[in-house]
Each structure stands twice: as C-alpha cells, then as structure tokens.
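K.L.:
Take these sequences, add in the hints, and give me the full structure.
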Amino acid sequence: MPDLIALFGGVYNNYLSLKATLDDARRRGAHEIYCLGDMGGFGPHPDRVFPLLRDAKDLFVMQGNYDHSIGHRLDDCACGYTDPRDNHFAQVSYDYTLAHTADEHKDWLRDLPTHFRRQWRGRDVLLAHGSPRRVNEFLWESTCSDAFLAHLLDAHGADLLFVTHTGIPWHRRLPDGRQVINVGAIGRPANDGRTSVDYALVDLSGDEPSVTFCPVSYDHHRLANEMREEGLPEEFAETILTGWWTTCLEILPAKERHRGRY
Amino acid sequence: MTAIEPVHTPPTLDLQHLDTLWLQVTGTLCNLACLHCFISCGPKNDSHEFMELSQVQEAINDAVAQGVKEFYFTGGEPFMHPEIREMIDAALAHGPLTILTNGILIDDDLARWLADRFHQSRYSLDLRVSLDGTTPAENDVIRGRNTFEKILAGVDRLVAAGLNPVITVTTCHAELGGAEGRARFFDLLQSRGMDKPRLKFLSPFKIGREERRHGGDGGYQPYELLRESDLDDDARDALQCSSCRMVTSKGSYPCPILIEVEDARMGDTLDDALKPIELNHPACYTCFVEGVTCRT
Ligand code: SF4
Ligand code: SF4
Ligand SMILES: [Fe+2]
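As they're listed, the protein sequences go chains D and R.
If you count the first sequence from 1, position 225 lands on 225 in this note's numbering, and the numbers rise without skipping.
For this note's numbering, count along the second sequence from 1 and bump the result up by 1000.
Calculated from the structure, these hints are not laboratory results.
The structure displayed is predicted, hence computed values, not measured ones.
Certain hints may be false.
Below, simulated SDA-like cross-link-like pairs (lysine to any residue); rule was C-alpha separation at most 20 Å, straight line [what the hints assert, rightly or not]: (1) D:255 - R:1275; (2) D:255 - R:1164; (3) R:1196 - D:259; (4) D:255 - R:1089; (5) R:1275 - R:1016.
Just a sample of chain D residues kept apart from chain R, beta carbon distances all over 10 Å, derived [unchecked claim]: (6) 32; (7) 59; (8) 60; (9) 84; (10) 125; (11) 133; (12) 150; (13) 151; (14) 196; (15) 206; (16) 243.
C-beta: ideal position from N, C-alpha, C; glycine also.
P.N.:
Structure (structure tokens):
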C-alpha cells in the first residue's frame, strides 16, 4: 500500500496543466494517481491530453459527464447547467471539443469506468465524478450540509469520498472522522484570482488520511494564446489569465459567487 | 378550483432522498396579494398560519435525521414573522438556506443582519426576491400598486449591505422569458448597482389566483394530466417532489405548489411525508412539461 496518492479532475483540454500536475505528483512521490474525469471542454486542442492520460501505469482514469457525452457522441456536455448564459458558453466548448477529438479517443472515453472503490489502510474509499449518486451533481462546499454528506457516505458505504465536477476544491471532515473531498479542477483556475490550479494529495502514513491541496503553475500564457488561435471565446482566455471565472457563473451558490470577481 | 375527474391511474413517485426541506414559515399570509400567486396568499388568507419557532425547529431536526441537503423558507412573506431571525439561525446551523421574499420588508437593519449571517455562516444564505417586470407598469399590474419601487428599494438595501439576491421573474408576460426580456432585467439590475446580476425565470402555475386571473379559463385542460407512461427515470429525477417535501403550520405536503390542495396533505409531521406520492394534480403536468422546479 503506497503512502502518497494524488487525485485530480476537470482537465478541460488543458494539456499544459495536466503535464505540470502529473510531473508535480510524481516528483512528490505519489505512487498512484487518479483522474476523476472531464477531459474535455474550455481549453484548446482536445487530443493533446490523451497521450498523457492513456497507458500510464500509475494513472487510473474515470469517466465524467463530459467524457460520457463525447464518448457517446451526444449533442451536449450534460454538465447540468440551468441558466441560458451558462449553457451558451458550455455549448461553444462542447461543439469545439466534439469536433476535435479523434474517434479512437472518443471510444476510449466511452469505455472508462464511472467509479473507483479502494481500501486504504482499512478505510473504504469511493471515487466518483459529481457525486456517488449522479454523475453531474454539483457538490459545492457551501451547499452541502454535514447531514447530507453523511448520508452520501452511509448510502454508498464509504469512509472517504472524492469528487470533482464543480471546479472549486474543498475538504470536509465530519464530526465522526469521515471525510469528503472535492478535488477541484486542474483545467481552469478555481475562481480565486490565482492562475495556478490544484490537485489533492493524500498522505496515508498517519493515523488518519491527511489531505492537502497542491497548487500547480504552468505556462498559462501559452494556453491562452492557443485558445485565441483556435477561436475560442475571449472570456475563456481571460479566466486562464486572471484566475477569475467569466462564464458558467449562474450555477455558483451565493457564497462561491460572492468570492469571485464576476 | 375546478375538480377534474381522474380518468386514468396517476403515476406514483417515491421520495428518493430528502434533498430539500421547504418551510412555509408565514403560511399563506403575505403583505401583497399578487394576481399570479399560485397559493393565493394575501393579508387575509390565514388558511396556513405562521409556524411556531418550535415547529420549524422540529421539522429541521427531522430533516437533518434524514440527511437533508438544504432548506428553503417561503410564505406568504417570510419576513412578516416576528421570529424570522431565530428561524434563519436554526436552519443555518444545519445547512444552506434560501429565503423567498418580495423584499418589501427588508429595511437597513435587516439587510445588515442578513449580510452578517451571510458572512458568518459556513453554509450559503441566499435570498430570492420576486419581481415581475422591468417597469412599474409591467410589474404593478401583477404584484400591486407601487410595488415595483418598494421591491427595488428592498433590493437596493440588500445590495448596499453587500448581498446579491437572485431576482425571480414569473413569466406571466411571456416575452420576459425570451432573450430580450432577460437582457432588459439584466440592464435594470445593473443600473441599480448590481454588478453580478442573478436572475431566475419561472413559468406561472395555473392554480390558485393564477387560475382565476384568466376568468376561469386559465386553469388546466382535462388532458393535462400525467400518466405512468409519461415518466421515465430521468423525468422522475427531474421532478422536485422526488427529492423535496414541504412543512407548514398545518402539516406536511409533497411540494410548495400543492399546499392548498385538500387531499395533498400527507400528515402532521415531516416523518409522515416520507412515503411515495401520487402525481394526480394538473399542476404536476406543468412541472413535467416545463421542467419547473422551485429551487434556485
Ligand atoms: S406571489 Fe409571493 S409576494 Fe405575491 S402574494 Fe404570493 S406569496 Fe405574496
Ligand atoms: S405539483 Fe409538481 S412538485 Fe408538486 S407533486 Fe406535482 S409534480 Fe411534484
Ligand atoms: Fe463534470
């Protein structure tokens, strides 16, 4: 059983931050690395993430809602937005990603597992994309009561739950010691004015699993330039360059919205 | 309300999980009497009365035992309740809270108190203020004389205190739901100093006063009833009543929409309402066809 495990989600075509994340996790000695899904969306050149994700022995990759949609060649990302403004920009990235992902990679996405279950030092661990009960459920820090998280853990038999899908990382330790971690996204900054992105590193050497978020810097100027060259919306490039979300804002709960610039 | 004879077996729907607890803290009592109010609230409608603080606390405790995710307060007008602040604190101790209000009773002191709770609480406290037009003429014909300015004055106070309420628009004027209507609301809110305007558009329910507003013809047609075959798993998941219940001073109900429907009452307490429901009401048809949810 390895002591250090890395987890990330939300690649969003950002092959530069993906490379930086994998390098950082391996350099720190992570023996297993988990990707919780959503390879596509937002960024440029969708096919560039696959060589990094496929066939790496230390890497376990899960399907997110985006991967399910791209893999099955569906019409939209099924992210679960409800506002027309959110949906407009989501559709722009989806159409671009669908058109620029090779068939072979689409098939690979289609066949990925949707959950991982593990036993880490006697603890039942569950890895899911949105939530264990719905792939596109948004688990935000400010809108998940302790009671609800305890219910999810009970209903799915887990002591430790990792999710992604929202793009903003958080960590909750319940009074009974069980933990829920949203690992955030590495493809887009977390709406906090930093251009770096985060992944989660779990240390199993102590009495209980300890979780830290590791910030990762990458060449975000290069990514923004490539997004512009590909004709992606300027709003997306701005987010990469400033660390503030400019789109998909309406889905944010009051607290998370308040923290952002827009 | 027109009774429609059921000519078919209505679908039943399980409560998959109690995600959302609705509390009708001020019953059907409201300082307004909007024409489209689907539960006909008003200053004189006491068919559901104010809840006691102890009733609210009990429902919250029951819901927490079920693993509830979030709370919603509605009425009537929640801020008419003399113990509304205690109720807000009771909810925020356990989970995120959204309050549906017409905004009129929000004075500077209350706005500052709400802003303080917004910042102190680990869970989101969100406010949803109803407004039904971008001009006094458009709004006041539905919500009452001078309400446009009064509502926006409440919104101004919230904004001044640093809060960012969701403005909820019931699309009685159909054109307001389109892109141009949305843009007009956006401009209006920005002109009031909201730099991140948040908007939610709801279709009207053709029950309560909204039914009578159309001279008796505004209600549902007999074919507008749900059948078991209409509902696949996705449609079931999409109905809010697969994951919510409503508690009022009178007892428990499937959802916020049916509290004035006599046979919709499920029991005295939340625990009585954890069983499946029958989707036998015409309003269920709007939920299904329009994908309506009262949640933000
Ligand atoms: S729509 Fe809202 S503000 Fe208007 S009467 Fe009904 S409860 Fe009161
Ligand atoms: S009116 Fe809508 S929310 Fe209420 S029981 Fe019917 S379908 Fe469910
Ligand atoms: Fe996702």
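K.L.:
State for each hint whether it applies.
P.N.:
Tested hints:
no., hint, in the structure
1, D:255 - R:1275, "violated (33 Å)"
2, D:255 - R:1164, "holds (10 Å)"
3, R:1196 - D:259, "holds (12 Å)"
4, D:255 - R:1089, "holds (17 Å)"
5, R:1275 - R:1016, "holds (10 Å)"
6, 32, "holds (31 Å)"
7, 59, "holds (32 Å)"
8, 60, "holds (28 Å)"
9, 84, "violated (7 Å)"
10, 125, "holds (20 Å)"
11, 133, "violated (8 Å)"
12, 150, "violated (6 Å)"
13, 151, "violated (3 Å)"
14, 196, "holds (24 Å)"
15, 206, "holds (25 Å)"
16, 243, "holds (17 Å)"
Taken one by one, the earlier hints fail for this structure at numbers 1, 9, 11, 12, 13, listed in ascending order.
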